[in-house]
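> Based on the provided sequences and hints, a complete structural model is requested.
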Amino acid sequence: MMLDSSQITLSFRPFFDSQWFTPGLIATAISVAALNFLGFDAISTLSEESEGGGRAVSKATLLALVLATVLFIIVVAFAAFATGNVDRFAEGNATNEAFFTIAGNVGGIWLKVAFSIIVAFVCAVGNIITAQTAVSRVLFSMGRDRMLPAFLAHIHTTRKTPDYAILFTGGVTLLLSYLFSGKIESISTLVNFGALFAFFVVNLCVFILFNFRMKAQRRIFAHVISPIMGMIVIGYVCLNMNIHALILGISWAAIGIAILCYRKAHNQNIAIDLEGKKLLD
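Just add 134 to wherever you are in the sequence shown, counting from 1, and you've got this note's numbering.
Hint data in this document are derived by calculation from the structure and do not stem from the laboratory.
Predicted, not measured: the structure shown is a model, and the values here were computed from it.
We put the CB at the ideal spot given by N, CA and C, even for glycine.
Hints are all accurate, no fakes.
Below, simulated DSSO-like cross-link-like pairs (lysine-lysine); rule was C-alpha separation at most 27 angstroms, straight line: (1) K246 to K317; (2) K193 to K349; (3) K294 to K193.
Derived CB-CB ranges, DEER-like: (4) T292 to N345: 41 to 51 angstroms; (5) I359 to W244: 45 to 55 angstroms; (6) L380 to C257: 24 to 34 angstroms; (7) L343 to A248: 47 to 57 angstroms.
What follows is the structure, encoded as structure tokens:
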């Protein structure tokens, strides 16, 4: 349905508009939208604390992804239904504030303010705490395995949390917030590149593991078709990203690969034990 000033009509324009639909545009949109999906994979970093083991973590990860997808579709679809003319949202602030403008058109200034407060609260509390927890947990594991400085593996005696890793993550976040103030597109694209590159590597590892090392357990769709499709889609999306984000992201990945090769050449441990001793033990 599409809501305009005179009537309600059935329209699929919010989902498909031949005037704007191009593979390049979709790839660019995916790279931006990916930032909203980041977090479902953070559940896996808490596998040590899960009472249900790996199966429970897998189910929780998939459930979070499905719920986020459904909610995003519903919210964006209703926003599109309430907007008869999307052409008026040009590049710039009008585009960045489009959702709040639509809320104001539908319910007045009070709804616009309410949505602004809700979004700010959810982003500040939900997203940041999730990211802080996941990143600090990975830093703790890498510090414990001596892949990063050992101080990151310090555990608070009372709270049983990786306090130094949490403080370090918060400090880096604060610094980046200052350096990239007013450059949300640049930092979001860079974050997306890192996440998408990690997912690309995950697909590659699945393909290699079940096609070269565990052939007996290989399933065609799950271990051949699915990872290949994932690598193709992710690769295409990355190629349509901002060139500066690509250069910086590839440089950062190259540094990581160089460190990995160095450690392997010197017979140092290169595995991160996310199934190690629990923090609460």
